[in-house]
Amino acid sequence: ERKDGSDNKTHFEVDEKLMQEKYDKAKKHIDNTADRALLKKQATELLETGGKQAIQMGLRQALGLLLTELVNGLFNEFKVLIK
843 ERKDGSDNKT HFEVDEKLMQ EKYDKAKKHI DNTADRALLK KQATELLETG
893 GKQAIQMGLR QALGLLLTEL VNGLFNEFKV LIK
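Residue numbers for the sequence shown follow my numbering, so the first one is 843 and each next one is one higher.
Hints were generated in silico from the structure; no laboratory data involved. Just so you know, not all the hints are guaranteed correct.
Stated by the list, open to error - In silico lysine-lysine, DSS-like type, Cα no more than 25 Å apart, as pairs:
#, residue 1, residue 2
1, Lys883, Lys894
2, Lys851, Lys869
3, Lys870, Lys859
4, Lys869, Lys859
5, Lys882, Lys869
6, Lys851, Lys864
7, Lys882, Lys867
8, Lys882, Lys870
9, Lys851, Lys867
10, Lys870, Lys851
11, Lys883, Lys869
12, Lys882, Lys894
13, Lys870, Lys883
Stated by the list, open to error - Label-pair ranges, simulated between beta-carbon atoms:
#, residue 1, residue 2, range
14, Arg878, Ser848, 38 to 46 Å
15, Thr852, Gly892, 56 to 64 Å
16, Thr875, Leu907, 47 to 55 Å
17, Leu889, Asp846, 55 to 63 Å
18, Leu916, Ala896, 24 to 32 Å
19, Lys925, Thr886, 56 to 64 Å
20, Tyr865, Ala885, 27 to 35 Å
21, Ile897, Leu923, 32 to 40 Å
22, Glu890, Asn914, 32 to 40 Å
23, Gly893, Lys921, 37 to 45 Å
24, Gly893, Lys869, 33 to 41 Å
Computed from a predicted model, the values in this text were never measured in an experiment. Glycine included, each C-beta is placed from N, C-alpha and C at the ideal position.
My request is simple: use the sequences and hints to build the entire structure.
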């Protein structure tokens, strides 16, 4: 409130309907921008995490295959040596 008893709305002759329209438009823009930023952040994190997990799983599968072949080969060699 001002010294003369008026408020800013009265002093600046603010059109309340226009003010509400501008406020609603600004609020909608802020909400949309925030939603897009959050979605982008989460999508980026998901892709990064998914990529890392895929690489780890691929390495585990490859190592498992190599170990299986090694163990099978060793058993076959031991069978031949024992006979």
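Hints versus structure:
Pair hint lysine 883 plus lysine 894 holds up; C-alpha atoms about 17 Å apart against a cutoff of 25 Å. With a C-alpha separation of about 20 Å, the suggested pairing of lysine 851 with lysine 869 holds against the 25 Å cut-off. Of the supplied pair hints, the one linking lysine 870 and lysine 859 holds, its CA atoms being roughly 17 Å apart against a limit of 25 Å. A distance of roughly 15 Å separates the Cα atoms of lysine 869 and lysine 859; the hinted pair therefore holds under the 25 Å criterion.
Annotation: proposed proximity of lysine 882 to lysine 869 holds, straight-line Cα distance about 20 Å (limit 25 Å). A hinted pair counts as satisfied when its Cα atoms are at most 25 Å apart, and lysine 851 with lysine 864 qualifies at roughly 15 Å. Pair hint lysine 882 plus lysine 867 holds up; C-alpha atoms about 22 Å apart against a cutoff of 25 Å. Among the hinted pairs, lysine 882 with lysine 870 is consistent with the structure: their alpha-carbon atoms are about 18 Å apart, no more than 25 Å.
Proposed proximity of lysine 851 and lysine 867 is supported: the alpha carbons are some 19 Å apart, at most 25 Å. The suggested pairing of lysine 870 with lysine 851 holds, with an alpha-carbon distance near 23 Å, which does not exceed 25 Å. Distance restraint check for lysine 883 and lysine 869: the Cα-Cα separation of roughly 21 Å lies within the 25 Å cut-off, and the hinted pair is therefore satisfied. For the proposed pair lysine 882 and lysine 894, the alpha carbon gap of about 18 Å is at most 25 Å, so the pair holds.
For the proposed pair lysine 870 and lysine 883, the alpha carbon gap of about 20 Å is at most 25 Å, so the pair holds. For arginine 878 paired with serine 848, a C-beta distance near 41 Å keeps the hint of 38 to 46 Å intact. One distance hint, 56 to 64 Å for the beta-carbon pair threonine 852 and glycine 892, holds here, with the actual separation near 57 Å. For the pair threonine 875 and leucine 907, the beta carbons lie near 48 Å from each other, so the given range of 47 to 55 Å is met.
Between leucine 889 and aspartate 846 the C-beta distance comes to about 59 Å, which sits within the given range of 55 to 63 Å. As the Cβ distance of leucine 916 to alanine 896 is approximately 31 Å, the hint placing it in 24 to 32 Å holds. In this structure, lysine 925 and threonine 886 meet the distance hint of 56 to 64 Å, their C-beta atoms being roughly 60 Å apart. For tyrosine 865 paired with alanine 885, a C-beta distance near 30 Å keeps the hint of 27 to 35 Å intact.
Separation of isoleucine 897 from leucine 923 is about 39 Å and conforms to the stated range, judged on CB atoms against 32 to 40 Å. The hinted range of 32 to 40 Å is satisfied by glutamate 890 and asparagine 914, whose Cβ atoms lie roughly 37 Å apart. The given range of 37 to 45 Å is respected by glycine 893 and lysine 921, whose C-beta atoms sit roughly 43 Å from each other. Distance hint for glycine 893 and lysine 869: a CB-CB separation of about 36 Å, consistent with the stated range 33 to 41 Å.
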